[in-house]
Amino acid sequence: MIIGSSGTGKSVLLKCIVGLEKPDVGTVLYNGRDFTAANRMQQIEIRREIGMLFQGAALFDSKTVEENVRFPLDILTNLTLDEKLDKVNQILTRVGLENSNKLMPSELSGGMKKRVGIARALVNNSRYLFCDEPNSGLDPQTSILIDHLIQDLTAEFKTTTVVVSHDMNSVMQIGDYIMFMYEGSKVWEGSKDTVLASDTKDFNDFVFATNLMRRIKDMS
Amino acid sequence: MESIGKYFIFLRSLFTNRESFQTYVGLVIDECVKVGIHSIILIAIVSIFMGAVTTIQTAYNLVSPLIPNYVIAEVVRDMVLLELAPTIIAIIFAGKVGSNIAGELGTMRITEQIDALEVMGLNSTSYLVLPKVVATLLMYPMLVVLSAFLSLWGGYVAADFTGVITTQEYIQGIRNQLNEFMVLFAMIKAYVFAFLISSISSYMGYYTTGGALEVGKASTSAVTNSVIAVLCADYLLAQLLAEYLTQY
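Protein chains in written order, with the numbering used here: chain S, 1 to 220; chain C, 1001 to 1248.
To be clear, the hints were calculated from the coordinates, so they are not data collected in a lab. Please note: incorrect hints may appear among the correct ones.
Said to hold, decoys possible - To give an idea of the interface, some chain C residues facing chain S are shown, with a C-beta separation under 7 Å as derived from the structure:
#  : residue
1  : 1005
2  : 1017
3  : 1078
4  : 1111
5  : 1113
6  : 1115
7  : 1118
8  : 1119
9  : 1120
10 : 1242
Beta carbons: idealized from backbone N, C-alpha and C, even for Gly.
So here's chain S without its partners, still in its complex pose (with noise of 0.2 Å):
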């Protein structure tokens, strides 16, 4: 998970991890393949990897949920039109959205395009999935929801997941490795269970901004 408070440059990084941003210097790898310096069709091969859930869904106006979780395959893949729709019924039965193939976006509440979201990043077995805010804009319950379901699938798909965030209860949740940005750079990096020890002076301002912090940490 990488967290920080808001301009810190999260959203930027991951931008530049998934190629929609060029860095000014360093490299991405994905399992030793240097994607920043990779021509087109090679990013193009390393894409059909990547899932991507965005900070407001990003999902198509002018397509239905069906079409939406479908456009992947439709894209990178040449299966059937039935076994697309195969792999499409599986994956929104698996966030729990059996019924809503023919609903546009528009029809659609926060949590719902979120979890279509994730199944239109994840339809095509990616390897990486990098969430960016996935709980912005949620209530506390449809929060804990998608967490839960980012939390499960990682699981289930056996995917890298970086999720961009800065939602401590979220962080404390799921998170099983966690970097800090502040101000542009990396300034503390580490398991959840080395949060609540950590002596750095900005992460602890970040992490116990809040009152319910404070207390777990005078309790710890």
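Use these hints to put chain C onto chain S, whose structure you have.
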């Protein structure tokens, strides 16, 4: 100057890393419906009134007893073919279709839909913009032809209604000494204007940054810039090709 350079780089990216032909067929057909079919009613209404008003105003200005009445219809025909159908309709078209294209692409940009396409490995400019440009190139010349017919028909109806010129004289004038190059000239203008309107509007929408306010600004800029480009191209084409009107 930077914008002009970025525009040409944008045009080049339309043709690189394209998807399969079958992908584009469906997209182009959808765009043809949006750009062409959905513009027919507006173009028809504007064209009919354009022809009618031109006929009446020309009739009231050509009042010399030395000029036969059928010349009114000749003037209307030449105005429609040379300027009203291709250029005035282009301005209307830029307002309707250009703003729609810029708004659609701008909204897609600010809601990260374009980023989603890029992450999936698509060349988003080729996938989103090329069908719009091709559809406009296919449909706008047809709309110009339709506009020309309806303008001349509008003039006929106005002549019949108001009696400024008889319908026989109107038909005689329409058919008298038609220079076929005018039709070719109108079609050349149609293709040039179609390309300018679709590409400029797409460019303005594709590079929108910000929120809803900026999408609105992009739509307005698309129309303004398209209209200016159309008028400049109109002048240049007139400068380059008008001499051929006398040769044919």
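Status of the hints after comparison with the structure:
Given the 7 Å rule on beta carbons, the hint for residue 1005 of chain C is violated: about 18 Å separates it from the nearest Cβ of chain S. Proximity of residue 1017 of chain C to chain S holds as hinted, the smallest CB-CB distance being about 6 Å (cut-off 7 Å). A hinted interface residue such as residue 1078 of chain C counts as satisfied when its beta carbon comes closer than 7 Å to some beta carbon of chain S; here the least separation is about 43 Å, so the hint is violated. Interface hint status for residue 1111 of chain C: upheld, as the beta-carbon distance to the closest one in chain S is roughly 6 Å, under 7 Å.
About 5 Å separates the beta-carbon of residue 1113 of chain C from the nearest beta-carbon of chain S, less than 7 Å, and the hint is met. At about 5 Å, the closest approach between the beta carbon of residue 1115 of chain C and any beta carbon in chain S falls short of 7 Å, and the interface hint on this residue holds. Taken as an interface hint, residue 1118 of chain C checks out: its beta carbon lies about 6 Å from the nearest beta carbon of chain S, inside 7 Å. Taken as an interface hint, residue 1119 of chain C checks out: its beta carbon lies about 5 Å from the nearest beta carbon of chain S, inside 7 Å.
For residue 1120 of chain C, the interface hint holds, the least distance from its beta-carbon to any beta-carbon of chain S being 6 Å, beneath 7 Å. Nearest Cβ of chain S to the Cβ of residue 1242 of chain C: about 43 Å, over the 7 Å cut. The hint is violated.
Going down the numbered hints, you'll see the structure goes against 1, 3, 10, while the others check out.
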